[in-house]
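Produce the entire structure from the sequences given, and follow the hints as far as they go.
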Amino acid sequence: MSSATATAPNYELIPQDGLETNLLEVSMGPHHPSTHGVFRMDVKLDGETVVDLKPVFGYLHRNHEKLAENMSYLSSMPFTDRLDYFNSMTNNWAYALAAEKLVEIEIPERAEYLRVVMAELTRLVNHVSLVGFFANDLGALGTPLLYAFREREKILDLFEQASGARMMCNYLRFGGLRCDVPNGWLDRAQEVVDRFPFFLDEYEKLLCENEIILSRTQGVGCLSRELATSAGITGPMLRASGVNYDLRKVDAYGIYDRFNFRVPYGEVGDCYDRFMVRMLEMRESLEILKQALKDIPEGPIMGNAPRVFKPKPREVYGRIEGPKGELGFYIIADGTPKPYRYRVRPPSFVNLTVLRDMCLGQKVADTVVILGSIDIVLGEVDR
Amino acid sequence: MSGISHELVQQQFPEAEWDEVAGALIVAPEKAQEVAKWLLDHDTLTLDYCSNVTGVDYLERETKGKIINDAGEEETINKIEPGRIDVVYHLYSMRNKTGPLVLKQQTERDKAEVASLTPVWRSCELQEREIYDLFGVKFKGHPDLRRILMWDEFEGYPMRKDYIEPFDYEWEPTPHDEILEKHKKGKVFV
Amino acid sequence: MNLDLLKDILIATVPLLVIFPSLFAFTTWVERKALARIQNRRGPNRVGIPCTRISLFGLGQPAADGIKMIFKEDIVPRGADRFFHLLAPILALIPAMMVLCFLPLEFPFWNAQIKAMRAFALDSAIVFFFAVTGLGTLAVFMAGWASRNKYSLLGGMRAIAQMISYEIPLVLSAVIIVMLVGSLNAADIVREQRFIWFVFTPWGFTAFVIFFICALAETNRSPFDLPEAESEIVAGYFTEYSGFKFALFFLGEYIAIFAISGLAVTLFLGGGNGPGAGLHPWVPIAWFLAKVCILIALMIWLRGTLPRLRVDQLMSFAWKFLLPLSLLNILITGAALHLLAAVHLHGGGQLDALTDRKVDFNQIIEAGNPWVIGGLWVGSLLILYVAARGLDNLTRSKVRPREYKYAE
Amino acid sequence: MNILGGGIFSGMAVTLKNFVRSYFDKSRLTTNDYSWQPDGELPKSIGEYPREEGEQLSETTTITNYSRNFPMLLHDDGEPMDTVRCVACQICERECPPQCIYIEKSTEKKERDGGKPQFYPAKFDIDVSVCMSCQICVEVCPFDAIVMNSQFELSSPDRFGGLLLRREDLLKSNDYYHKIHPEEAEARDKRIADEKAAKEAKKKAAAEAAKKKAEAKARDEGEKKGGAE
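Protein chains in written order, with my numbering: chain A, 11 to 393; chain V, 592 to 781; chain G, -7 to 400; chain P, 2 to 230.
Don't read these hints as lab results, they were simulated from the structure. Being a predicted model, the structure only gives us computed values, none of them experimental. All C-beta atoms, glycine included, are put in the ideal place defined by N, C-alpha and C. Any given hint might turn out to be false.
[As the list claims (entries may be wrong)] Per the computed footprint, the stretches of chain A lying under chain P, defined by three or more beta-carbons under 8 Å from a beta-carbon of chain P, are:
hint: 1; segment: 76 to 84
hint: 2; segment: 153 to 166
hint: 3; segment: 172 to 185
hint: 4; segment: 221 to 227
See below:
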């Protein structure tokens, strides 16, 4: 198992006719159209080939962990929305899961189902917009992105109707949900779920067999199984490298063991696999949604959560399969209403570990494609 | 998902301590890399996936402890627990789908230094850099130990419990009392 | 000063200077609108006639954009070469405008009975066209270099590599037409397509496809917009251009698109030929512009659909796919022409006495045996398709859609 | 065996289909469609808002019944400050994650309509440039005094004062709340009424129990007396 840091190929510049040659150092970012936020890659180029790459983080750092350590458990719930601002529902869930491990709370059935519904809708939102951005990085002038955003809007409408906000939902609570979904919401969700496959068909026709996309993504940014495991890559990116590890199956948190779904995985681990695994995962999410919307029971949505959340001294680590990978919350309670230590294990931050390894030797145009296929959100990377 | 028994590890490394409250195995920094390699290569454990790496800062504090004094009576005294920084590793096995095993390295606060586990698990690379950045823990054997989230010129370690932030040099100009007054006067530089 | 000459020049050039820039304005609107509709948006729909509430589907947008561009601040980066920074957009526009003169547009303003006016009745128009458009590359590199920006430099480098590579298959596919016609004069080529446009011959069709692909690359249109690849190198060579200089670049780019589409129409799509072309002198011009617009619509459609190629794939596509294919096409064209001539002569046909050539293509088509010609058509197409497939397999052998497995 | 460039052609077919269908099929448009919104006040397609220059939505327009923007203080019917529900307990100030609430408690208690004298907020400011609309204050409030407003046209030319909402700006009547969030307001009122009823029932029960006890005691005593006689 190799885990050593990849080194740049031993690069020698050959001076020609007495002319001095130099590598071109380009600082891609922080204001670059394709770095998905304020992220910087210091790239050294020989012509168009990437010789060295250094990711630079921290432009969006706000020390979320320190903030959370200075406020009550409940108060940092809305701040988790802002970590990965595409997937506020799953962020909420990860935090709620960790906090619920601290104190024993029984979560009502309906709340569990609604959590699954929201998480899978979030997964759809994330994957669909990621695929759109990915196509945009490949240079498809916004068309796939806008198709994706149209579908995303429909799901965001659902979130808005349920929680009052489109992106910063702040919907989950320790022991359940903040409020029940309004009347007719489930029918509307069913409608969205029923129509989504038609969109996916069209989308696959547009992208998946396009010769340009195939040649742009296949064989680009290959990530081996061994490196993926060692570098702690999680989520669709890990499964694209051929490791079957999905926390929904492994941990079966919530009530995921009740649903019948499959986990797609790739073999090569290049950008095409990462792209396709996400496309296929959307179909599986739809399967889960169909089952969940069918079985959802009536009942209360809030468990017997204490009004003042004051857990006994303990250490817990709660993790869920977020759309981008394993999102973990590590909380140390010390018996006060504030967490002593609050740590977020951000999937996209850890997934960036291998950015350099994947980009070395590729073309400069590939770096943005590889970065796009990693699926980062800077709110989460920098916290 | 099943947890991992710490006793197996303690058989191999008897000096490793088991902390019941935290549910963590405490290893000495000198031994850490050896333990990590053993955990990774072990036939049944195969902890090939290091999920989460983080630091925890404990300030020096007074605790009340009970001791048996010379006279054989129980006595409550004030103990001073020295401050320390823990570096916590959450280990899982992707192959066996088991975990977690929590590994901790402890170090004093003033000259914080532990062994880097990046040579064993690549996933520690950025997370250990983050701990170095925010807690000021040096990692021996880390290939690229630089600040990561804060800028290079930044002084201090913001995640430490006794960190005092400097005066708000980059505040959001919010309309409140003193700052509002300052803003009305013109641009303020601190 | 010869007043008549001045008049001639004005009559020949002023319509070009009116038609194409206004077509540019219209095209920007059409492009934005069409792309919007492809992407299921509405597109510009507010700007219409000023001071009224009439929005005219946003037709006023180009004018508003133009006014905005003129009044924007012109920012020149510190350390940039100011002179070349200024020169580049001008140099990008001038060659593009110049080659418009070689298009076979005959404006019937002046003495239409005697002679229709064309700006440049040059006998070697096609050669001249390629020579002058090549200058545009220089402007692009100049912009990339003078901006003193690394993205611009990368864009300029890409532009040079791309434009030089694609010039070769572009010219080689035009050679097919020259072989068929035997003349480099644009008017002759158009006249030769009275009965059948060259795009409807197998060689002409292949050449047209290659020509169109190369035209996309020459004019930096998607999927070959690498020199200005937004997602990779910000805006390529015009990263540092703003305001009116940017507008000039933009104008130059679109004029170049019109010019190269005009050339494609001339070479393959029969120029001004079409139903009713003989009725009125304006009809051929309308046909010509309509065909140009169809090609531009195709370009917009492609832009709305396709992602971008990578720079090495772009090169390998040009050198390993387009170049062999166009060479093969030339070979097949020559063989087919000889075969046709032999059959024609065998059947007792006559050689064209007027021109200095062995056979008149149209004559052969008219008089030839439909079975022979049909067989030739199908055979040539088949050979070309098989060759294209073979080349495709050679260049992208490993790139295929994949099957995925699922874990339960 | 697929044809050469087949993927590109199928992609082009998709875009052509979208191009044509976008003129006929409204659901294809990316523009947000709020046609499911029950009351007709909102433009059917919010994408075209504002259709006229200076068009303002009416004050009670909400995007959805659950939409939340910034908090407001509720008061019951009557003079706002006489019936304000807030008792300046400052829980929301403590719990507010971005700490945008500033409360000053009144020094003396004030008589309420039909209630005990209570403290009231002498100062209640919300800095909406900091507020992140998380609704934590609504949840922690034990008096149902603070709820979310859905007013979203708050832009102001005054950078400093304009975004600091004072107590007077925040006070809104319960009727207004019913207008903007009918379902939520109904549920809240019902809950308050239930709680009140339960409280009163409890009180009554306690009083009755006390009465019974007293009666029983009296009877006992009477019996005792009778026994003594």
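Hint check:
no., hint, verdict
1, 76 to 84, "holds (count 3)"
2, 153 to 166, "holds (count 6)"
3, 172 to 185, "holds (count 6)"
4, 221 to 227, "holds (count 4)"
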